[in-house]
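> Spelled out from the first residue to the last, the chains are:
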Amino acid sequence: MTKRFNRRKFLIYSSATLGTSVLLKACANNTNTNDPTAASSPVSNTSATNAGASGDTIKVGILHSLSGTMAISEKSVVDAEQLAIEEINNAGGVLGKQIQAVVEDGASNWDTFREKATKLIDEDKVVAVFGCWTSASRKNVKPVFEQKNHMLWYPVQYEGQECSKNIFYTGAAPNQQIEPSVDWLLQNKGKDFFLIGSDYVFPRTANTIIKAQLAAKGGKTVGEDYLPLGNTEVTPIITKIKQALPNGGVIYNTLNGDSNVAFFKQLQGAGLGPDKYPSMSVSIAEEEVKAIGPDYLKGHYAAWNYFQTVDTPANQKFVAAFKQKYGEDRVTNDPMEAGYIAVYLWKQAVEKAGTADDLDKVRAAAFGQKFEAPEGTVTLDANNHLAKFVRIGEVREDGMFEIVNATNAAVEPLPWNQFVKETKGYGCDWSDPNKGGKYKTA
Amino acid sequence: MLAGLLDGLFNGISIGAVLLIAALGLAIVFGLMGVINLAHGELMMLGAYTTFVVQNGFKKLGEPWFEFYIFFALIMAFIVAAGVGLILERGVIRHLYGRPLETLLATWGVSLILQQFVRSVNWVLVVGISIFCLLFFGGLWILHRRSDINRIRNWVVAVMLPISLGIAIATSNFLSQTYKLAVTQPWFGAQNLDVSAPKWLRGGLPIGNFQMPYARVFIIALTILCVAAIYVFLQRTPWGLRIRAVTQNRSMSACLGIPTQKVDALTFALGSGLAGVAGCAISFLGSVGPNTGQNYIVDTFMVVVVGGVGKLVGTIFAALAIGTVNYLIGSGTLALLFAPIKPLADFFTFFATTSMAKVMVFALIIAFLQVRPGGIFPQKGRTVDA
Numbered sequence: 096m097t098k099r100f101n102r103r104k105f106l107i108y109s110s111a112t113l114g115t116s117v118l119l120k121a122c123a124n125n126t127n128t129n130d131p132t133a134a135s136s137p138v139s140n141t142s143a144t145n146a147g148a149s150g151d152t153i154k155v156g157i158l159h160s161l162s163g164t165m166a167i168s169e170k171s172v173v174d175a176e177q178l179a180i181e182e183i184n185n186a187g188g189v190l191g192k193q194i195q196a197v198v199e200d201g202a203s204n205w206d207t208f209r210e211k212a213t214k215l216i217d218e219d220k221v222v223a224v225f226g227c228w229t230s231a232s233r234k235n236v237k238p239v240f241e242q243k244n245h246m247l248w249y250p251v252q253y254e255g256q257e258c259s260k261n262i263f264y265t266g267a268a269p270n271q272q273i274e275p276s277v278d279w280l281l282q283n284k285g286k287d288f289f290l291i292g293s294d295y296v297f298p299r300t301a302n303t304i305i306k307a308q309l310a311a312k313g314g315k316t317v318g319e320d321y322l323p324l325g326n327t328e329v330t331p332i333i334t335k336i337k338q339a340l341p342n343g344g345v346i347y348n349t350l351n352g353d354s355n356v357a358f359f360k361q362l363q364g365a366g367l368g369p370d371k372y373p374s375m376s377v378s379i380a381e382e383e384v385k386a387i388g389p390d391y392l393k394g395h396y397a398a399w400n401y402f403q404t405v406d407t408p409a410n411q412k413f414v415a416a417f418k419q420k421y422g423e424d425r426v427t428n429d430p431m432e433a434g435y436i437a438v439y440l441w442k443q444a445v446e447k448a449g450t451a452d453d454l455d456k457v458r459a460a461a462f463g464q465k466f467e468a469p470e471g472t473v474t475l476d477a478n479n480h481l482a483k484f485v486r487i488g489e490v491r492e493d494g495m496f497e498i499v500n501a502t503n504a505a506v507e508p509l510p511w512n513q514f515v516k517e518t519k520g521y522g523c524d525w526s527d528p529n530k531g532g533k534y535k536t537a
Numbered sequence: 003m004l005a006g007l008l009d010g011l012f013n014g015i016s017i018g019a020v021l022l023i024a025a026l027g028l029a030i031v032f033g034l035m036g037v038i039n040l041a042h043g044e045l046m047m048l049g050a051y052t053t054f055v056v057q058n059g060f061k062k063l064g065e066p067w068f069e070f071y072i073f074f075a076l077i078m079a080f081i082v083a084a085g086v087g088l089i090l091e092r093g094v095i096r097h098l099y100g101r102p103l104e105t106l107l108a109t110w111g112v113s114l115i116l117q118q119f120v121r122s123v124n125w126v127l128v129v130g131i132s133i134f135c136l137l138f139f140g141g142l143w144i145l146h147r148r149s150d151i152n153r154i155r156n157w158v159v160a161v162m163l164p165i166s167l168g169i170a171i172a173t174s175n176f177l178s179q180t181y182k183l184a185v186t187q188p189w190f191g192a193q194n195l196d197v198s199a200p201k202w203l204r205g206g207l208p209i210g211n212f213q214m215p216y217a218r219v220f221i222i223a224l225t226i227l228c229v230a231a232i233y234v235f236l237q238r239t240p241w242g243l244r245i246r247a248v249t250q251n252r253s254m255s256a257c258l259g260i261p262t263q264k265v266d267a268l269t270f271a272l273g274s275g276l277a278g279v280a281g282c283a284i285s286f287l288g289s290v291g292p293n294t295g296q297n298y299i300v301d302t303f304m305v306v307v308v309g310g311v312g313k314l315v316g317t318i319f320a321a322l323a324i325g326t327v328n329y330l331i332g333s334g335t336l337a338l339l340f341a342p343i344k345p346l347a348d349f350f351t352f353f354a355t356t357s358m359a360k361v362m363v364f365a366l367i368i369a370f371l372q373v374r375p376g377g378i379f380p381q382k383g384r385t386v387d388a
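Chains A and B are the protein sequences, given in the same order.
For the first sequence, the numbering used here gives the first residue as 96, with consecutive numbering after it.
For the second sequence, the numbering used here gives the first residue as 3, with consecutive numbering after it.
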């Protein structure tokens with residue numbers, strides 16, 4: 096190790112490196128995109144130098160975490176979005192052009208999201224970006240998209256209280272997930288609620304809404320606690336739940352990521368079963384059930400717009416296509432479906448507008464678009480959110496959800512919460528320039 | 003009141019036991035060898051993944067076998083993690099002894115590599131890596147017998163590296179194009195995996211209105227067993243004696259004929275194997291995924307530093323103390339205890355959330371290390387750092 100790095104050695108090593116890299120480059124051209132090593136290097140499939148929609152391809156960006164804590168959830172959304180793009184391309188593309196996806200890794204780091212968003216817009220000149228999962232990442236890229244007047248399609252249920260002109264929210268607003276589930280719990284499961292969540296913006300805002308709603312409807316919040324993201328020691332919280340709800344009650348769970356696994360495993364160990372302590376989760380879908388283990392979750396509830404068990408022809412087609420592309424043991428879930436919807440809605444908007452480059456035209460064309468989604472027919476509202484169906488599912492033995500409650504019609508989205516004092520009476524309408532993101536409805 | 007006290011004591015100890023079993027391996031690697039191994043968490047993760055694989059294997063064997071898979075999983079987790087630890091020591095760390103900063107960066111890199119490896123490992127990758135290793139290292143081994151190897155070594159490396167890499171990549175590409183999904187599908191993927199404890203480890207032992215989870219009892223027992231085993235190994239066996247000798251004075255041990263390199267490798271493998279066992283244990287409490295290790299790494303270092311580097315007994319005390327304090331503050335027990343004294347009760351109620359309890363514990367640790375920088379049981383005497 097004490098040998099010096101002399102000139103001859105330098106020559107040898109550098110020629111070796113050069114040779115290897117040339118070889119790698121030659122091999123990279125025919126790398127299968129299913130190969131995960133290739134999928135993680137976005138440059139491998141971006142050989143064209145065309146900007147935006149010129150030439151015979153249209154470039155869109157996909158910006159999710161492929162590494163880090165959030166990769167667990169976001170990777171599957173990328174899969175669903177790529178499935179939609181592939182389906183559209185096989186059917187002839189958009190405006191006669193093929194869609195080319197530029198995949199960037201946000202790496203579960205909110206600053207990286209901002210950098211990559213800037214890169215996608217400025218360097219790759221994409222015409223739309225599908226991406227983000229956590230509210231923290233969305234809040235971080237929002238200024239970028241607003242400054243550059245660009246377009247983000249955000250596929251995850253979130254806490255609301257936001258309505259950006261430049262973001263289309265295809266996941267649920269609180270009134271399409273949290274509020275109906277609280278109502279259902281109040282009617283069927285009890286009035287005493289213990290709120291538990293991860294310590295970041297979504298759970299805290301969601302719990303503010305839940306507390307206001309409970310106060311308005313005769314329920315009671317007996318306690319709340321937040322775990323730092325990634326924390327897996329939940330013993331103190333379980334003690335607190337037992338103290339606050341000695342005779343049983345409802346646990347409302349907004350935990351995200353790894354903490355969920357720890358929470359449910361240790362909840363069962365402590366003897367708090369779903370018979371006395373039913374829990375309602377808003378971040379647990381099919382994929383997470385599979386990861387936690389159905390044994391631990393059986394009998395607990397989750398609220399979503401879409402479950403894999405939804406019985407519609409569009410869903411059967413979606414599930415079959417997904418399994419064929421990614422493997423029989425994969426499952427579909429709500430954010431994946433929302434990502435899939437986002438790509439199709441964008442396509443329809445582009446086709447109606449007749450252009451992919453003029454984003455204001457695409458935006459105007461997007462309002463009112465209907466799509467036969469796996470969950471049912473969804474409509475894009477002028478407040479940039481989707482009218483969606485609301486469902487409550489109970490975890491079955493096989494890890495799928497038994498749908499115990501569903502709305503008959505799509506629920507109109509309300510981005511500004513009507514239970515919270517500061518936003519009560521406000522609405523959002525981007526089709527009317529006088530109204531915009533936040534205006535007084537009453 | 004008695005039930006509450008028992009409850010508090012048990013929960014404190016059970017949190018401490020998880021911390022302790024996770025920190026044991028590190029106490030050996032960091033404490034005894036002085037190697038800052040940031041990949042320790044990932045070795046735990048490998049243990050957890052091994053548990054997952056063993057579990058799936060035993061599921062196929064049917065009911066009576068499945069109930070006892072964890073014993074086999076514990077052994078396998080130890081072997082796999084120890085094996086990876088051995089490779090890590092021989093391949094990377096041995097070149098970096100006595101250079102803490104480089105070790106820190108290198109092991110951090112290794113931890114990232116291991117994380118990404120379990121995310122994207124598939125047949126193509128495995129075949130590619132095996133072919134490369136076979137060609138490159140096998141070729142080197144064969145050429146090693148030539149007498150003029152030292153003269154041509156650099157040229158050999160320069161020629162062999164690209165050739166082996168090229169063949170490996172070409173084969174992988176060929177495989178992935180021919181068999182498509184069957185070989186390109188990741189084994190584990192980025193998702194968390196489902197490790198379910200056997201039935202007798204689920205649920206718990208009810209005592210009054212409080213229930214002692216079996217999984218926790220199991221981990222406490224396992225931790226005691228591990229601590230006892232390490233104690234016997236270090237104090238009562240010839241290799242334990244050698245390890246202690248090398249830790250205390252490396253050059254003197256070498257002079258006396260102790261094979262220090264072997265001792266290093268053995269110590270590191272032992273520490274890694276313990277990390278694997280810990281990974282198996284925590285899979286019954288928490289998640290099994292690429293990030294599993296990251297969730298524990300900070301806590302384990304904290305335990306070792308507070309306990310006093312180089313002292314196993316310190317690690318034990320520190321783990322139990324941190325666990326108990328964390329529980330007492332986080333669960334609000336302290337706030338209840340001080341209920342009669344208003345300002346104190348308010349103070350502890352403020353800290354009675356999980357996030358704030360962590361803040362409080364860290365603050366206490368910082369304060370403690372100001373008073374006793376060496377930890378609870380500082381290393382005494384003329385020890386020489388490697």
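Misleading hints may appear alongside valid ones.
Said to hold, decoys possible - Computed list of lysine to any residue pairs in SDA-like fashion (alpha-carbon distance at most 25 Å, straight line): (1) A:K393 to B:G242; (2) A:K418 to B:K61; (3) A:K192 to A:F466; (4) B:K201 to A:P373; (5) A:K260 to A:K418.
Don't read these hints as lab results, they were simulated from the structure.
> Evaluate each hint against the coordinates.
So, going through the hints one by one against the coordinates:
1. Between A:K393 and B:G242 the CA atoms are separated by roughly 48 Å; this puts the pair beyond 25 Å, and the hint is violated.
2. Under the criterion of a C-alpha separation no larger than 25 Å, the hint pairing A:K418 with B:K61 is consistent with the structure, at around 24 Å.
3. Among the hinted pairs, A:K192 with A:F466 is consistent with the structure: their alpha-carbon atoms are about 21 Å apart, no more than 25 Å.
4. The straight-line distance between the Cα atoms of B:K201 and A:P373 is roughly 21 Å, inside the 25 Å bound, and the hint therefore holds.
5. About 35 Å separates the Cα atoms of A:K260 and A:K418, which puts this hinted pair outside 25 Å; it is violated.
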